[in-house]
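Dock chain to chain to rebuild the complex, using the hints, since each chain is given by itself in its own frame.
So the sequences go chain by chain: A and B.
Going by our numbering, the letters in the first sequence line up with residues 1 to 147, in that order.
Going by our numbering, the letters in the second sequence line up with residues 148 to 343, in that order.
It is worth saying that the hints were derived from the structure and are not from the lab.
Remember, it's a predicted structure, so these values are computed and weren't measured experimentally.
Be aware that a few hints might be false.
Stated by the list, open to error - Using C-beta positions, here's what the derived DEER-type ranges look like:
id, chain 1, residue 1, chain 2, residue 2, range
1, A, Cys20, B, Val281, 58 to 64 Å
2, A, Gly104, B, Pro290, 19 to 25 Å
3, B, Ser327, A, Val10, 30 to 36 Å
4, A, Ser139, B, Met252, 37 to 43 Å
5, A, Thr84, B, Gly260, 48 to 54 Å
6, A, Lys88, B, Lys297, 38 to 44 Å
7, A, Leu72, B, Glu181, 32 to 38 Å
8, B, Ile289, A, Thr84, 53 to 59 Å
9, A, Gln76, B, Ile289, 18 to 24 Å
10, A, Gln136, B, Thr250, 21 to 27 Å
11, B, Pro290, A, Glu73, 18 to 24 Å
12, B, Lys180, A, Lys53, 20 to 26 Å
As the list claims (entries may be wrong) - Take a look, some chain B residues computed to stay more than 10 Å from chain A by CB distance:
id, residue
13, Lys196
14, Leu205
15, Ala210
16, Leu224
17, Val240
18, Phe264
19, Val287
20, Lys294
21, Lys297
22, Lys301
23, Ser329
24, Glu333
25, Leu334
Backbone N, C-alpha and C fix where the C-beta goes; we use that ideal spot for every residue, glycine too.
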Amino acid sequence: MRKLDIEFTVGLFLIAGIICLGYLSIKLGRMEVLGGEGYDVYGFFSNSGGLKKGSSVMIAGVEVGRIKDISLEDYQARVVMNITEGIKIQEDAIASIKTRGLIGEKFVEITPGAAEETVPPGGRIRETQPPIDIEQVISKYVFGKVE
Amino acid sequence: MAKRCPLFWSVVAGILVLVPLSAQAGTPTERVKETTDKIIAILTEADLKGQPEKKRSLIRKAADEIFDWEEMSRRSLGPHWRKLSEEERKTFVGLFSRLLDRTYMERVEDYSGEKVFYVGENVDGDYASVEMKVLTSKNVEIPVVNKLKKNGGKWMIYDVSIEGVSLVNNYRSQFNSILSKSSFSELLEKLREKVS
Numbered sequence: 001m002r003k004l005d006i007e008f009t010v011g012l013f014l015i016a017g018i019i020c021l022g023y024l025s026i027k028l029g030r031m032e033v034l035g036g037e038g039y040d041v042y043g044f045f046s047n048s049g050g051l052k053k054g055s056s057v058m059i060a061g062v063e064v065g066r067i068k069d070i071s072l073e074d075y076q077a078r079v080v081m082n083i084t085e086g087i088k089i090q091e092d093a094i095a096s097i098k099t100r101g102l103i104g105e106k107f108v109e110i111t112p113g114a115a116e117e118t119v120p121p122g123g124r125i126r127e128t129q130p131p132i133d134i135e136q137v138i139s140k141y142v143f144g145k146v147e
Numbered sequence: 148m149a150k151r152c153p154l155f156w157s158v159v160a161g162i163l164v165l166v167p168l169s170a171q172a173g174t175p176t177e178r179v180k181e182t183t184d185k186i187i188a189i190l191t192e193a194d195l196k197g198q199p200e201k202k203r204s205l206i207r208k209a210a211d212e213i214f215d216w217e218e219m220s221r222r223s224l225g226p227h228w229r230k231l232s233e234e235e236r237k238t239f240v241g242l243f244s245r246l247l248d249r250t251y252m253e254r255v256e257d258y259s260g261e262k263v264f265y266v267g268e269n270v271d272g273d274y275a276s277v278e279m280k281v282l283t284s285k286n287v288e289i290p291v292v293n294k295l296k297k298n299g300g301k302w303m304i305y306d307v308s309i310e311g312v313s314l315v316n317n318y319r320s321q322f323n324s325i326l327s328k329s330s331f332s333e334l335l336e337k338l339r340e341k342v343s
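With the rest of the complex left out, here is chain B (with noise of 0.2 Å):
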């Protein structure tokens, strides 16, 4: 029968490939919540309870599943993206993300049992917003929106706003000033001193 029709055979096979690639995709709540969990999982595994090195290689590798580095460097440098060159672009996202991971880390290993619940999402086009609130053990409730841009057909996380605070209009701002009285090279000797 194969030999008989195979473009029957070729739509079937065509769509048994399709089918899990659209799972794949994910909403972009079914996303967050899928990073979110890998890493709570992560922070309380047993097993890797004297390997804080290995513990935090693989948040990174869960961390860079969802977060669009590139996309948040870009938002944070705002106009003075456009002035660098390709190379200067690359160096500059690699210490961003460096700084980020400094700065969050410590805080991400501080988890003590927090729960996380997810109040809504908001899709528009490809763009999209997730809520979440997060419940700490002294019963505080904060929220946290993560803003999302579809990338590759996948949703990546660029921007997250905590008590309706954005972490990338924070760190344009400062980016923003800083530029306005030293040059690049100097901003990424900044960065550099602030990630070694």
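This is chain A alone, in the form it adopts within the complex (with noise of 0.2 Å):
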């Protein structure tokens, strides 16, 4: 018997670790398994500049959303976006790729707009701004073409 009660513990032990274990795993990875809230809106960017599955969407500094999916359509980076219900973007919001940080972390940067209507589930940010490469505009009007 009481080997019986000192199996069940360990096995008690042993599944309460598994389950912690796959909690931490789904934390972060940053995986949405009891169903992603939110909706989705898209955007295209003529460069996505190392954005990254799950890079933060912020609105004034506050992380409103994270990138779901990026894919080329068109030769131009389909950007899919899950924000946050509640937050509205509107029609004529704009969604600049942004970096942050000593390492360089791209993110989207949505600067709010005047219009009335906002983007629904499903739809289009118009007004998109690809990363700056500033060492890239510094250089060519510093020093100019080759030929």
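Here is the structure:
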């Protein structure tokens, strides 16, 4: 009887440990197992500049969503963003790809617009701005072209 | 014969009126090209050599034909626009267009033979983008994207991106930052100082 008790307790701890491990993996891996909340919107960028799935979407420095998917369509980057439920994005909002921090992590910043109409779920953010390669621009104007 | 088929002749007359109207509408690229060519012609016009003020007023007139100043002002103020009265909006549009005039007129006047190439056009309903490349004398290609929207059947520019940087986005960030610390009338004061 005692042996069964011990084995049972060990089994219980094992299961608890596996559940904790599973929870940690899901949270760290940023997976949405329990059905993603929020709604999706997309935008086309001439260059996604190293933006990744899971990168942040920010408004006024506050994270309002994550990048869900990036694909190539018509030689442009089609970026799908999952936005927190309740956050409205105006039709003339501008989505720009910016760099943050020392590591140079890319994220999308949305500047709110003036329109009354908002982008519906599955809708498109029309105004986008690709990342600006500062060095490239500076060298272009300082040094000019070769030919 | 006219007396016998008035319907026929009114249809013909209708078509004759509509054809030139639709030709006037123009594609987005045609509209941009028309204004750009007009402005370059004004800048290089030998007859206007010693008359800077006349040149500027002609350039402004040409720009007024294609730039939708109200739409640009609206987008640059962003969410703050909705809180304004009709009167405040009018004042802002006036000041903002004068600010843009002040900021960019000098650069336009510095024109020294740069060539403009039209790379492509993209139309999506009432919105369009016209991509151009400006080739400077130092052989540098500057990519410029004009964003247009149909206003009363005419394509009008509401944003210009140079090297990927949007004019509207630039002012939107700045106005947002200013309006988070100051009132709207203080912003108007700031603009008045800048344009005087």
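Practice prompt. Report the numbers of all earlier hints that the structure fails to satisfy, in ascending order.
Written response: Numbers 3, 4, 6, 8, 12, 16, 19 and 20 - these are the hints that the structure violates, sorted from lowest upward.
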